[in-house]
Amino acid sequence: MTVPVTRKDLMIVNMGPHHPSMHGVLRLILTLDGEDVIDCEPILGYLHRGMEKIAENRTILQYLPYVTRWDYLATMFTEAITVNAPEKLENVQVPQRASYIRVIMLELSRIASHLLWLGPFMADIGAQTPFFYIFRERELIYNLFEAATGMRMMHNYFRIGGVAADLPYGWIEKCFDFCDYFLTGVVEYQKLITRNPIFLERVEGVGIIGGEEAVNWGLSGPMLRASGIQWDLRKVDNYECYNEFDWEIQWQKEGDSLARYLVRIGEMKESIKMIQQALEGIPGGPYENLEVRRFDRAKNSEWNDFAYRFKSKKPSPNFELSKQELYARVEAPKGELGIYLIGDNSVFPWRWKIRPPGFINLQILPELVKRMKLADIMTILGSIDIIMGEVDR
Amino acid sequence: MENDHLQNYLSDWLVKYELVHRSLGFDSRGIETLQIKVEDWDSIAVIFYVYGYNYLRSQCVYDVAPGGFLGSVYHLTKIQYGTYNPEEVCIKVFVPRKNPRIPSVFWIWRSADFQERESYDMLGISYENHPRLKRILMPESWIGWPLRKDYITPNFYEIQDAR
Numbered sequence: 001m002t003v004p005v006t007r008k009d010l011m012i013v014n015m016g017p018h019h020p021s022m023h024g025v026l027r028l029i030l031t032l033d034g035e036d037v038i039d040c041e042p043i044l045g046y047l048h049r050g051m052e053k054i055a056e057n058r059t060i061l062q063y064l065p066y067v068t069r070w071d072y073l074a075t076m077f078t079e080a081i082t083v084n085a086p087e088k089l090e091n092v093q094v095p096q097r098a099s100y101i102r103v104i105m106l107e108l109s110r111i112a113s114h115l116l117w118l119g120p121f122m123a124d125i126g127a128q129t130p131f132f133y134i135f136r137e138r139e140l141i142y143n144l145f146e147a148a149t150g151m152r153m154m155h156n157y158f159r160i161g162g163v164a165a166d167l168p169y170g171w172i173e174k175c176f177d178f179c180d181y182f183l184t185g186v187v188e189y190q191k192l193i194t195r196n197p198i199f200l201e202r203v204e205g206v207g208i209i210g211g212e213e214a215v216n217w218g219l220s221g222p223m224l225r226a227s228g229i230q231w232d233l234r235k236v237d238n239y240e241c242y243n244e245f246d247w248e249i250q251w252q253k254e255g256d257s258l259a260r261y262l263v264r265i266g267e268m269k270e271s272i273k274m275i276q277q278a279l280e281g282i283p284g285g286p287y288e289n290l291e292v293r294r295f296d297r298a299k300n301s302e303w304n305d306f307a308y309r310f311k312s313k314k315p316s317p318n319f320e321l322s323k324q325e326l327y328a329r330v331e332a333p334k335g336e337l338g339i340y341l342i343g344d345n346s347v348f349p350w351r352w353k354i355r356p357p358g359f360i361n362l363q364i365l366p367e368l369v370k371r372m373k374l375a376d377i378m379t380i381l382g383s384i385d386i387i388m389g390e391v392d393r
Numbered sequence: 001m002e003n004d005h006l007q008n009y010l011s012d013w014l015v016k017y018e019l020v021h022r023s024l025g026f027d028s029r030g031i032e033t034l035q036i037k038v039e040d041w042d043s044i045a046v047i048f049y050v051y052g053y054n055y056l057r058s059q060c061v062y063d064v065a066p067g068g069f070l071g072s073v074y075h076l077t078k079i080q081y082g083t084y085n086p087e088e089v090c091i092k093v094f095v096p097r098k099n100p101r102i103p104s105v106f107w108i109w110r111s112a113d114f115q116e117r118e119s120y121d122m123l124g125i126s127y128e129n130h131p132r133l134k135r136i137l138m139p140e141s142w143i144g145w146p147l148r149k150d151y152i153t154p155n156f157y158e159i160q161d162a163r
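Taken in sequence, the protein lines are chains X and W.
So the first sequence is numbered by UniProt numbering: it starts at 1 and just counts up by one.
So the second sequence is numbered by UniProt numbering: it starts at 1 and just counts up by one.
One chain only, chain X, in its complex shape (with noise of 0.2 Å):
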């Protein structure tokens, strides 16, 4: 009889591009020796669609329904970020009452994104009630969405010099009584999941990262600040009106997955601050910059006179971005989301470089899970808080 001889080769296992998560199609080819993982691989471009090249060829009004598959579940963000590269660009000043709808908008994107993370990082964990409740939340949000901008998730909503549209009436009390209802909420997941023993075994000491190296490997967000680095562009860019508000920044020290959960629990309670106090401070007054600006390339032309001048209001479609470049970025909450525009004389942008944050913040994956078991893989790649529609492009 032949006794089977143990092999000690080391084992690859691919986690295919299909998964049962919602990362996306994201496929890992590990190098395991038992239970302990000796090598990590991420193969991405499952869902490449060529946003770059794309942007070259469209104006910015046409682009815009574009940007929100980027990143689908925080999509305020993405069109911001695509509003406020060319408005920097060009100058273009935006009215007080629209920066103020814009940052409400992008801090509920941001609570929406947070939620939509802690449901597959705690069922990735294994906990599966989570996900039910973090949807719970995000059907409120989404209602408040479609009341303003038409669309539960893919709103085309942002412009270049404010929003599309107004706040419809009663809004604004709509958004109070979620804020409320919202704090409890939290308050809930955290009596289920912060002082949970199983959780803090599983998470925390996992995936640690030190301070200068998360710096090194280009980290931003969450992640950055779980490490015990201050650095959140909306206190360091001031871009829309953020400093009008009193909010601070959401840091821990210890740089493992504990740390991460913790800045971003505490990023939605900031975020909820934020929302409140925009919503008391909201000013009247237009949402649109209304003002027409033609290149008056023809000296005289009629078209610059007081009479067109308000008539077509929405500037973007014959908007032209002029020979410069830029570097525009906002604080998504996956980390910092960047466009590098190089415009041409010409309604078409020249080159439109998205620097996603999942994608800079994933390559870090092989570096963390080199000693860590096999079920620990799961608890870093939810951590990290990709999302593959921005790191594919």
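None of these hints come from the bench; they were simulated from the model.
Be a bit skeptical, because a hint or two may be false.
Listed next, the stretches of chain W that the computed footprint assigns to chain X, with coverage defined by at least 3 CB atoms under 8 Å from CB atoms of chain X [what the hints assert, rightly or not]:
1) 62-76
2) 103-115
Mimicking SDA-like on lysine to any residue, the simulated pairs with C-alpha atoms at most 25 Å apart in a straight line are [to be verified]:
3) X/Lys235 / W/Glu87
4) W/Lys78 / X/Arg234
5) X/Lys253 / X/Asn216
6) W/Lys78 / X/Trp251
7) X/Lys53 / X/Ser346
8) X/Lys88 / W/Glu87
9) X/Lys88 / X/Gln128
10) X/Lys323 / W/Phe94
The beta carbon of each residue, even a glycine, is placed where N, CA and C say it ideally should be.
Given chain X's structure and the hints, the job is docking chain W onto it.
Structure of chain W alone, referenced to chain X:
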């Protein structure tokens, strides 16, 4: 935040140490832009790292003109404790189209890992000393450099009227 007084701080510092570079002025937000030659890039990159620029924010490539050069752009920032007005610089390295090779900065700033792979994938600039330079977004067997301006999509036929 725009720099209110647009001065070539970094360019002056580099001139003081006699490092060959060319200042390309300022971009739309007032960020200094410098051009570095390909041969000097690896040594100057180390100098920047030592000077304090520890955060490679974004690395991208673009096609300067059809038939002309390819440009590789690096945005560097200093992240320090407690400053809210970080110093930033934008560095461009131009290579000719025929044989585009640039030294990789992976060993200095780890965040260039996937970004240089994507630059290789999209425009064909090969980065020397990069540990795993292969295609990342396109399938590995793809031929051609998609983001070049003279790229022709294979098997793409537009519907035309038969005349």
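Evaluation of the provided hints:
1. A stretch counts as covered by a chain when three or more of its residues have a beta carbon under 8 Å from one of that chain; for the segment 62-76 of chain W and chain X the count is 4, and the coverage holds.
2. With 7 residues having a Cβ less than 8 Å from any Cβ of chain X, the segment 103-115 of chain W passes the three-residue criterion, so the hint holds.
3. Distance check on the hinted pair: X/Lys235 and W/Glu87 sit about 15 Å apart at the alpha-carbon level, within 25 Å; holds.
4. With a CA separation close to 17 Å, the supplied pair W/Lys78 and X/Arg234 stays within the 25 Å bound.
5. For the hint pairing X/Lys253 with X/Asn216, the CA-to-CA distance comes to about 17 Å; that is within 25 Å, so the pair holds.
6. Distance restraint check for W/Lys78 and X/Trp251: the Cα-Cα separation of roughly 19 Å lies within the 25 Å cut-off, and the hinted pair is therefore satisfied.
7. Straight-line distance between C-alpha atoms of X/Lys53 and X/Ser346 comes to about 16 Å, which keeps the hinted pair within the 25 Å bound.
8. A distance of roughly 19 Å separates the Cα atoms of X/Lys88 and W/Glu87; the hinted pair therefore holds under the 25 Å criterion.
9. As the CA atoms of X/Lys88 and X/Gln128 are separated by approximately 44 Å, the hinted pair breaks the 25 Å bound.
10. With a CA separation close to 19 Å, the supplied pair X/Lys323 and W/Phe94 stays within the 25 Å bound.
Checked against the numbered hints above, the structure breaks only hint 9 and satisfies the rest.
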